[in-house]
Amino acid sequence: MARYNIRRPRADQVGQPFPFLKLSGELRNVIYKLVVTSSTPIEPLQTIRKTVMKLPIVERPHEKQPAITRVSRQLRSEALPFYYSENVFDFKPCSLSFGSPFFRFSNIGDETLKHIRSVQFSRLRWPGLNILVTIKPDNSGMKITCEYWSSRERDKLTVTRKQDMAMTEALREHVETTETGTVCGLHLLEIVRET
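134 is the number that the numbering used here gives to position 103 of the sequence shown; each next residue is one higher, with no gaps.
Do not rely on the hints blindly, as some may be mistaken.
Here are the simulated distance ranges between beta carbons [what the hints assert, rightly or not]:
hint: 1; residue 1: Ser55; residue 2: Arg101; range: 19 to 27 Å
hint: 2; residue 1: Ala98; residue 2: Pro72; range: 13 to 21 Å
hint: 3; residue 1: Arg101; residue 2: Asn60; range: 36 to 44 Å
Derived from the structure by calculation, the hints contain no laboratory data. Computed from a predicted model, the values in this text were never measured in an experiment. All C-beta atoms in this analysis are idealised placements derived from N, C-alpha and C, irrespective of residue type, glycine included.
Construct all of the structure, not just a fragment, from the sequences and the given hints.
This is the structure:
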């Protein structure tokens, strides 16, 4: 049986902060990956929660990012790329409406967007609609492909982020042909027909 000699720290060592930033960059990167990676998909920016008085309030987006990203600017700039590149972000149908996590997620900015590797849309119940998210080859961000079946043919549309969030004619036509009359939140993105 192994014996361990556990000693009390000296008085001058108690309460001293660990010199994390003195670790090598490679070791810090390993630690960031371990700290910010989730084993299950993340529902980003879930905004509505109930207070004690049962009133819905909106949480700030940074509250869903790992705590280590709020320690200092340097840790934030080093850890956030791992948070966005190592995790899968899951959007459920209820999160695809105006003011939803998907709406804010599409406006996170190019610097953050370029790190995102995996996005999924779970439990979609739109007949004939398939959404596929891929990463652009030049590593400049993600591309969302929206495929749906119309009454005449299969249309393939590419959904790209647009700053003014204007709804285009292609999606307007599709919205008019759907039974529900809406494609929840996708109208916030520009739809461009793929050639």
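Hint-by-hint comparison with the structure:
At about 23 Å, the CB distance of Ser55 to Arg101 agrees with the hint of 19 to 27 Å. Between Ala98 and Pro72 the beta carbons are some 20 Å apart, a value that agrees with the proposed interval 13 to 21 Å. Checked against the given bound of 36 to 44 Å, the beta carbons of Arg101 and Asn60, roughly 19 Å apart, lie outside it.
Consistency with the previously given hints fails for number 3 only.
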